[in-house]
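Number of protein chains: 6
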Amino acid sequence: MMSLGKIAVLSVLQTEPEEVKLLDQSLPSGYKVYKSKVGSMDSAKIFAAIETAAKREGFISSNYREEHALYHSILEAYHGICRGNAGLGNVLRSAGLLYSIVRGPRTVGCADDGEWIAVALYGYMGAPMKGFEHEVLGLGMNPI
Amino acid sequence: MMSLGKIAVLSVLQTEPEEVKLLDQSLPSGYKVYKSKVGSMDSAKIFAAIETAAKREGFISSNYREEHALYHSILEAYHGICRGNAGLGNVLRSAGLLYSIVRGPRTVGCADDGEWIAVALYGYMGAPMKGFEHEVLGLGMNPI
Amino acid sequence: MMSLGKIAVLSVLQTEPEEVKLLDQSLPSGYKVYKSKVGSMDSAKIFAAIETAAKREGFISSNYREEHALYHSILEAYHGICRGNAGLGNVLRSAGLLYSIVRGPRTVGCADDGEWIAVALYGYMGAPMKGFEHEVLGLGMNPI
Amino acid sequence: MMSLGKIAVLSVLQTEPEEVKLLDQSLPSGYKVYKSKVGSMDSAKIFAAIETAAKREGFISSNYREEHALYHSILEAYHGICRGNAGLGNVLRSAGLLYSIVRGPRTVGCADDGEWIAVALYGYMGAPMKGFEHEVLGLGMNPI
Amino acid sequence: MMSLGKIAVLSVLQTEPEEVKLLDQSLPSGYKVYKSKVGSMDSAKIFAAIETAAKREGFISSNYREEHALYHSILEAYHGICRGNAGLGNVLRSAGLLYSIVRGPRTVGCADDGEWIAVALYGYMGAPMKGFEHEVLGLGMNPI
Amino acid sequence: MMSLGKIAVLSVLQTEPEEVKLLDQSLPSGYKVYKSKVGSMDSAKIFAAIETAAKREGFISSNYREEHALYHSILEAYHGICRGNAGLGNVLRSAGLLYSIVRGPRTVGCADDGEWIAVALYGYMGAPMKGFEHEVLGLGMNPI
Ligand SMILES: [Mg+2]
Ligand SMILES: [Mg+2]
Ligand SMILES: [Mg+2]
Ligand SMILES: [Mg+2]
Ligand SMILES: [Mg+2]
Ligand SMILES: [Mg+2]
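Residue numbers (the numbering used here), protein chains in the order written: chain A, 22 to 165; chain B, 22 to 165; chain C, 22 to 165; chain D, 22 to 165; chain E, 22 to 165; chain F, 22 to 165.
Worth flagging that the hints you see were computed from the coordinates, not collected in a lab.
Since the model is a prediction, treat every value here as computed from it, not as a measurement.
Be aware that a few hints might be false.
A pair counts as met if it fits within one copy or between any two copies, since identical chains are not told apart.
Within a straight-line C-alpha distance of at most 20 Å, the following computed EDC-like cross-link-like pairs (lysine to aspartate or glutamate) qualify [what the hints assert, rightly or not]:
| id | residue 1 | residue 2 |
| --- | --- | --- |
| 1 | K42 | D134 |
| 2 | K76 | D133 |
| 3 | K151 | D134 |
| 4 | K151 | E72 |
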């Protein structure tokens, strides 16, 4: 069964055209998904890219409540990719990431709990040297 | 394209029989996968369940090098589900999780970098009250 | 000027009857305040005491959205009193605390941003030995 | 009853002239208080502002013992406003803060435990966008 | 040249009778050293063992200032052995440690900065299984 | 008895020519040691200095497995010197350090567990002001 977090994670994991198409077709009604990429040694750039996209793509209204929900979701996903040692450039590592933003019910058909926003980050983190990196994944979500 | 982390995460995300079958069929050679579940307010139980399964299922040899690689992979995945606030029962929350253990090359066909071990955790974390919980996901990996 | 966090913090700081009375009288409309105490070496007991009081006193409705907002507010306040080293009994220290729960607008008259919930913790933390302790304070808040 | 931490926190919370006057009048003997403000996305600027003021205003002697006590008090207060996720600009958030430095006995009349130094931080933290921020508070103290 | 931290660390590292003798002989005047061992999966036991020994051996006077300095030194050394993931039994690992407590000037002959207290922890941490463990070391110090 | 971590730590602690000579002479076969120094308020410079030296001195082969083991060892040692508050310049402190890199068996003669790599950091951390600093020590190690 589909759910908010699963949609967010599958969106960043599946890059083959047929997979993406399949995921789009199986997207339950009530969910809005955006997917893009960002890479940096400067963690603030990751936060900024997602915040900017979320506003431009209409995932959050122009009020602090919604921005706050998005921000904490990014922060939680960021902790997921950092795995206990928050930081990128300051500990000499870089991240090349796909991210997804998903807005919709926490679980399919669970209308009485309102809308939530999820952020997933997936990609590679490692030394700033080609191929010296491994996969990382983070997921965060909050009611919006 | 498949890779160690993607296999670990898709394994815990896909629970429908047809999905599981599809994933099994698309598993590149050289990878070994195990999947099970564990739930607790006591984080040590999550570590113990995965350690025990990994030994019983032959994912690690009986030496410290390999156990150490597995342990740190669990620890990193655990940080992913905790998102910056390590702890379960001590901060009054509980986790119901699927976990996967995957052993194989870091990326398909990347034989010259040896074998790695990945652990993925996916499920729900929240108040110890039915339905008061949301999805969490963590991924950790190390050379073995 | 009054605001959500200031009300929460003043509520736990002021214990003299005349101060409490003054604070009650100056409470802007739209705010609901509850204040009590909890002490323990077991951090889960602090979370449980506040969650239970919040439900019993009608600060949150019986849905996960609101419980989630309360939970994260407690967690943030808890980090405030722990100051970088989350934990109580596990690092051999104990806390004797007053806590407050406040629900209302983020700032007085700021109606367009909905309601928020704040938790403040104030008291003494230290060795489990009379008088070997110093003051600590934590504040957390989230939209509800 | 007054105490070191309470004085530090009330000092940053009370901004109305009459409140400030009241607090000054009720300040028990033996306490020295300084209050100012600092705002930045660069956490080092917050540390520097408080260190500089403490030296200039005579809160610490020119020796490492006292500077060390002040530094750790700032660090603990900083953890309080960060609530488990240390960092400002690196996680794309900014802080506009009032801070207080207080030196005196841990509790009024408790002369046999020497002098302590407390630092309180209170203000707003959030996105670098007007009004997209909420209150934060941190308190740290050490024997000096 | 000898210094507080170096004395604390050498004390826990050197276990051969001739090394211990050499260290005792080279101990500069003004330093007091105690050394013992503690092992547990329960981190509180490590704190308790050191606190108890420090009191019994006269390293701290019976006041909170000195106990506070000792406590924070233990806490800092504990972070050193935990290396970013505070916890023992809760993350299914155990520690078998030698610890030292040292009181004296921060550096030899540096009398104008008063006395400091240092705690060093050295030993093995790992799975609760014989030989599945590696060395860890932590050092903390504070003015007393 | 000698072991990987002890060699790493003694290497950074002992600076007198006769101590260094003694340590060199007592170095069990199978161990390779490098020792140098680095100082900065920018933590990335510490990571970079050690990574560069390890490559130049032949401590790691040119593959990600080995670089990964080194990186995590540096990261763990870095946590040791930071003692729960990761960061240098961002919390207005600076570090002047000696570091050692050691490669060899985890314990002398323990050949069946392969080679490990250890990193030790020792020196002074404190305010960016001469003499306002105290000793810190960190140790990290991983199988390579
Ligand atoms: Mg949550
Ligand atoms: Mg890694
Ligand atoms: Mg917030
Ligand atoms: Mg303290
Ligand atoms: Mg210090
Ligand atoms: Mg390890």
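Now the hints, each set against the structure:
1. K42 to D134: neither (29 Å within a copy, 33 Å between copies)
2. K76 to D133: between (25 Å within a copy, 18 Å between copies)
3. K151 to D134: Classified as between; 14 Å across copies, 44 Å inside a copy.
4. K151 to E72: Classified as between; 15 Å across copies, 28 Å inside a copy.
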